[in-house]
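Visitor: This is what each chain is made of:
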Amino acid sequence: MRSFKPTARRCFARQILIVTGMIFFGLVCAIPLSASQQNTIVVGSKNFMENRLLAEMFAQLIETHTNLLVERRLGLAGTHVCFEALRTGGIDLYPEYTGTGLVTILGQPPMGEANTVLNRVRAEFLERWNLWWLAPLGFDNSYALALPRKQAQALGLRSISDLVPVASSMKAGLGFEFIERADGLPGLAQHYGLHFKSVVGMQQTLKYQAAAKGDIDLLDVYTTDGRLAVYDFVVLEDDRHFFPPYEAAALVRGETLEQHPKLGRVISLLAHALNAKQMRAFNLRIQEQGVPVAQAAREALQHLQLVSTNQEPTQATSPKASSFVSVLWESRATLASRTMEHLGLAGLGLLLGILVAIPLGLALERYRKSAEPVIRTIGMIQTIPSIALLAFMIPLFGVGPLPAIMALWIYSLYPILRNTFSGVRDAAPHVVETGRALGMTEWQVLRFVRLPLAAPTIMAGIRTAAIWTVGTATLAAFIGAGGLGVPIVSGLQLADVNLILSGALPATLLALAVDGLLGGIERMVRPKGLELAR
Amino acid sequence: MKTLALEARRVSKQFPDGTHALEHIDWAVQEGETVALIGESGSGKTTLLRLLNRLIEPSSGMIVIQGEPATAHDPITLRRGLGYVPQDGGLFPHWTIEQNICLVPQLLQWSKDKLDQLVNTLLPLVSLDPNQFAGRYPIELSGGERQRVAVARALAADPPIILLDEPFGALDPLTRQELQEQFLSWKRQLKKTMVLVTHDIAEAFRLADRISILKNGHLHQMGTAQELMQAPATPYVHSLIQHYHSHLS
Numbered sequence: 152m153r154s155f156k157p158t159a160r161r162c163f164a165r166q167i168l169i170v171t172g173m174i175f176f177g178l179v180c181a182i183p184l185s186a187s188q189q190n191t192i193v194v195g196s197k198n199f200m201e202n203r204l205l206a207e208m209f210a211q212l213i214e215t216h217t218n219l220l221v222e223r224r225l226g227l228a229g230t231h232v233c234f235e236a237l238r239t240g241g242i243d244l245y246p247e248y249t250g251t252g253l254v255t256i257l258g259q260p261p262m263g264e265a266n267t268v269l270n271r272v273r274a275e276f277l278e279r280w281n282l283w284w285l286a287p288l289g290f291d292n293s294y295a296l297a298l299p300r301k302q303a304q305a306l307g308l309r310s311i312s313d314l315v316p317v318a319s320s321m322k323a324g325l326g327f328e329f330i331e332r333a334d335g336l337p338g339l340a341q342h343y344g345l346h347f348k349s350v351v352g353m354q355q356t357l358k359y360q361a362a363a364k365g366d367i368d369l370l371d372v373y374t375t376d377g378r379l380a381v382y383d384f385v386v387l388e389d390d391r392h393f394f395p396p397y398e399a400a401a402l403v404r405g406e407t408l409e410q411h412p413k414l415g416r417v418i419s420l421l422a423h424a425l426n427a428k429q430m431r432a433f434n435l436r437i438q439e440q441g442v443p444v445a446q447a448a449r450e451a452l453q454h455l456q457l458v459s460t461n462q463e464p465t466q467a468t469s470p471k472a473s474s475f476v477s478v479l480w481e482s483r484a485t486l487a488s489r490t491m492e493h494l495g496l497a498g499l500g501l502l503l504g505i506l507v508a509i510p511l512g513l514a515l516e517r518y519r520k521s522a523e524p525v526i527r528t529i530g531m532i533q534t535i536p537s538i539a540l541l542a543f544m545i546p547l548f549g550v551g552p553l554p555a556i557m558a559l560w561i562y563s564l565y566p567i568l569r570n571t572f573s574g575v576r577d578a579a580p581h582v583v584e585t586g587r588a589l590g591m592t593e594w595q596v597l598r599f600v601r602l603p604l605a606a607p608t609i610m611a612g613i614r615t616a617a618i619w620t621v622g623t624a625t626l627a628a629f630i631g632a633g634g635l636g637v638p639i640v641s642g643l644q645l646a647d648v649n650l651i652l653s654g655a656l657p658a659t660l661l662a663l664a665v666d667g668l669l670g671g672i673e674r675m676v677r678p679k680g681l682e683l684a685r
Numbered sequence: 000m001k002t003l004a005l006e007a008r009r010v011s012k013q014f015p016d017g018t019h020a021l022e023h024i025d026w027a028v029q030e031g032e033t034v035a036l037i038g039e040s041g042s043g044k045t046t047l048l049r050l051l052n053r054l055i056e057p058s059s060g061m062i063v064i065q066g067e068p069a070t071a072h073d074p075i076t077l078r079r080g081l082g083y084v085p086q087d088g089g090l091f092p093h094w095t096i097e098q099n100i101c102l103v104p105q106l107l108q109w110s111k112d113k114l115d116q117l118v119n120t121l122l123p124l125v126s127l128d129p130n131q132f133a134g135r136y137p138i139e140l141s142g143g144e145r146q147r148v149a150v151a152r153a154l155a156a157d158p159p160i161i162l163l164d165e166p167f168g169a170l171d172p173l174t175r176q177e178l179q180e181q182f183l184s185w186k187r188q189l190k191k192t193m194v195l196v197t198h199d200i201a202e203a204f205r206l207a208d209r210i211s212i213l214k215n216g217h218l219h220q221m222g223t224a225q226e227l228m229q230a231p232a233t234p235y236v237h238s239l240i241q242h243y244h245s246h247l248s
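Residue numbers (this note's numbering), protein chains in the order written: chain Y, 152 to 685; chain W, 0 to 248.
Same shape as in the complex, but just chain Y (with noise of 0.2 Å):
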């Protein structure tokens, strides 16, 4: 059928120029979050400082030493989301440590001796897994229940004995994973009996602030954690033997070490090369004054000689107390890429479910007995939170931009498909009926009636799903994606309130851009006439 008018043509000529500038804004945006190639070697981490020490310095010992390229995905959500990746082959080594890979991954009972531990660690990974544990770096950084010096004294606390008669009137923060793990709380509980007054989950970060304060009374630490010296806690004796040794070792793939010989050899380098004092200095750095954890790891492995002193001189170090802005025009470079890579996630998991969804909900409207079931499934979907839909992605498509544009696609769906089926069934009926009996055909009503007269609501859905893509996408971090969270959860682990801002004003602002970008839109796309000219 010829165009119907001008104002018709322009508003369909309006529609497709808009989709096009989205797809092609899409694409630029996904140019730098293309794959990773053959020589690179991906270094993984958890999401505390001393797991991203570790694996800075894997990787600037494989720059040092080899001709392969070095990818870093550091900060993963927790042990799950870093063996997955592994495993599944999205990261290709991460610094582990026997008692977790004993405990958490193989499900086994939290005893042993050190050696016992890694050998058993060892055979079951490679048979399992072909994944290989490496030499241990020479400490155990194991869990330990701490709490301040004046109330362990007060209390006449030494070991965790001590602590289960008064533990009934305390409150315990530990860390979300402690309180999970077999080797944690549940555990622990159980082998000395211990039951608290009352037990939060807290960031580990928070958990030595509140613990000064005296907002909690007793907090999980790591015994390597530089910050136990600063706040003057007392680590209470795991007298009955609870907790396994925690050697820590670079944990790697068996098919990256067979296709790079070399990098076994380069890793080893640190075997048995680090003490526990040492790793308290060193997470010291990072946490309480302020250093990078690039330049602690370098200043770390030129202590150890590892790699030569005048190369790339250490940078005086940047005090921590630096006012925001300064933060913001210092980290500006990387704060633009941020910035990209985060609207590259947002925008691509959106298009896709613009491109999914809106089709979908046409369908869905022509079928309308599946339409509520289907749209309930998708809704009921939307409901798992975030962070373990994220988590649930990295089975089947490995750490990093990949399975989060796949979560955050699935995030879209639900408000556009709503919007497209109920947009287009709740179109004026009476005009579609009268379409209808002048002779349009379905596809003509469709196209001239029903796609116009919905197309505001479609636009709001579109609208909601893209608040909700722009802010899920900081939580990508979690899973290697970058993006706007990276300096939130750096900023989590140190406390540091500028470099959490610097993450989360810019997102906000950025949620803010785009939803006034696409309320725009929205009034674009409202056909004329809907509303009295005023």
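Hints were generated in silico from the structure; no laboratory data involved. One or more hints might be untrue.
Claimed, not checked - Across the chosen pairs, the derived CB separations fall in these ranges:
id, chain 1, residue 1, chain 2, residue 2, range
1, Y, Pro510, W, Gln131, 39 to 49 Å
2, Y, Arg517, W, Ser58, 20 to 30 Å
3, Y, Gly667, W, Asp157, 49 to 59 Å
4, W, Gln188, Y, Arg519, 40 to 50 Å
What the hints assert, rightly or not - Which residues of chain Y face chain W? A partial, calculated answer using Cβ under 10 Å:
id, residue
5, Val583
6, Gly586
7, Gly590
8, Met591
9, Phe599
10, Val600
11, Pro603
12, Leu604
13, Lys679
14, Glu682
Here a beta-carbon is modelled for each residue, glycine too, at the ideal position from N, C-alpha and C.
Given chain Y's structure and the hints, the job is docking chain W onto it.
Guide: Chain W only, in chain Y's frame:
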């Protein structure tokens, strides 16, 4: 006897939910005649109208249009040849008056020159000034003006038959009276076959040549106003006439 423009032969319609909307209707409209379909809601009058332009299909029986079974052509072609005026105007809110009027000729792919002329010939016919109204949107018009545009749109491709579904039902009494008068003049000028659905017996008597009275899916009587008044065929028709007289007095 004149040729028949529209015919329903033993037509029944049962909806999937089990309602018998029409049962064994035999009904015919002569060419150039205006017939009113009158009845309460649920009487089947709108169902009959929708059967004529094949928005729905009969469960049994046959619809004949200008001597040919309605099923002889595909429904899209059929509908483009039947004018249609719905109750609320049914104008496309996102199209201008001109675009709305050109709808069916556009569907029929008329040339641009002919399309450009349309608005100038049709709007004066329904007493609207093209210069003033062509570029406006439906929301900027009053209810009466919108109904006039709907009539102009139905006439645009010059169809021989026009179906009107309670065209004046939603208007205030003054506007309705004004449009009813206009309707009579269109009727004289255009000599179209028209089927007018209404629930207002006074309107039916005033505008139609013959009246069909429907109740619960049955055709009670069909005839001129005089025939109905002099010889009501059923008690229902009789009560309707009584009601009409009591309103007049």
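Visitor: Hint Y:Val583 vs chain W: min CB-CB distance below 10 Å?
Guide: Hint holds; Y:Val583 Cβ to chain W Cβ min 9 Å, cut 10 Å.
Visitor: May I ask you to test the interface hint for Y:Met591 with respect to chain W, counting a Cβ-Cβ separation under 10 Å as satisfied?
Guide: 7 Å, holds
Visitor: Identify whether the interface hint at Y:Lys679 stands, where standing means a beta carbon of chain W within less than 10 Å of its own.
Guide: Since the shortest Cβ distance to chain W is 7 Å, the answer is holds.
Visitor: Should the hint that Y:Val600 touches chain W count as held when the rule is a Cβ pair under 10 Å?
Guide: At about 6 Å, which falls below the 10 Å cut-off, the nearest Cβ of chain W leaves the hint on Y:Val600 intact, so it holds.
Visitor: Hold the hint about Y:Pro603 up to the distance rule: shortest CB distance to chain W must be less than 10 Å.
Guide: With Cβ-Cβ at 5 Å, under 10 Å, it holds.
Visitor: Is it true that Y:Arg517 and W:Ser58 lie within 20 to 30 Å of each other by Cβ?
Guide: 24 Å, holds
Visitor: Taking the closest Cβ pair, is Y:Gly586 under 10 Å from chain W?
Guide: Hint holds; Y:Gly586 Cβ to chain W Cβ min 7 Å, cut 10 Å.
Visitor: So the hint says 49 to 59 Å: do the beta-carbon atoms of Y:Gly667 and W:Asp157 match that?
Guide: 50 Å, holds
Visitor: State, for the Cβ atoms of Y:Pro510 and W:Gln131, whether the hinted interval 39 to 49 Å holds or is violated.
Guide: Holds - the Cβ-Cβ distance for Y:Pro510 and W:Gln131, about 42 Å, lies within 39 to 49 Å.
Visitor: Please check whether Y:Phe599 passes as an interface residue: C-beta within 10 Å of a C-beta belonging to chain W.
Guide: Constraint on Y:Phe599 satisfied, holds at 8 Å.
Visitor: Double-check Y:Gly590 for me: the hint is only fine if its C-beta lies closer than 10 Å to a C-beta in chain W.
Guide: 3 Å, holds
Visitor: If I claimed the Cβ atoms of W:Gln188 and Y:Arg519 lie 40 to 50 Å apart, would that claim hold in this structure?
Guide: Hint holds: Cβ distance 45 Å, inside 40 to 50 Å.
The structure shown violates none of the earlier numbered hints.
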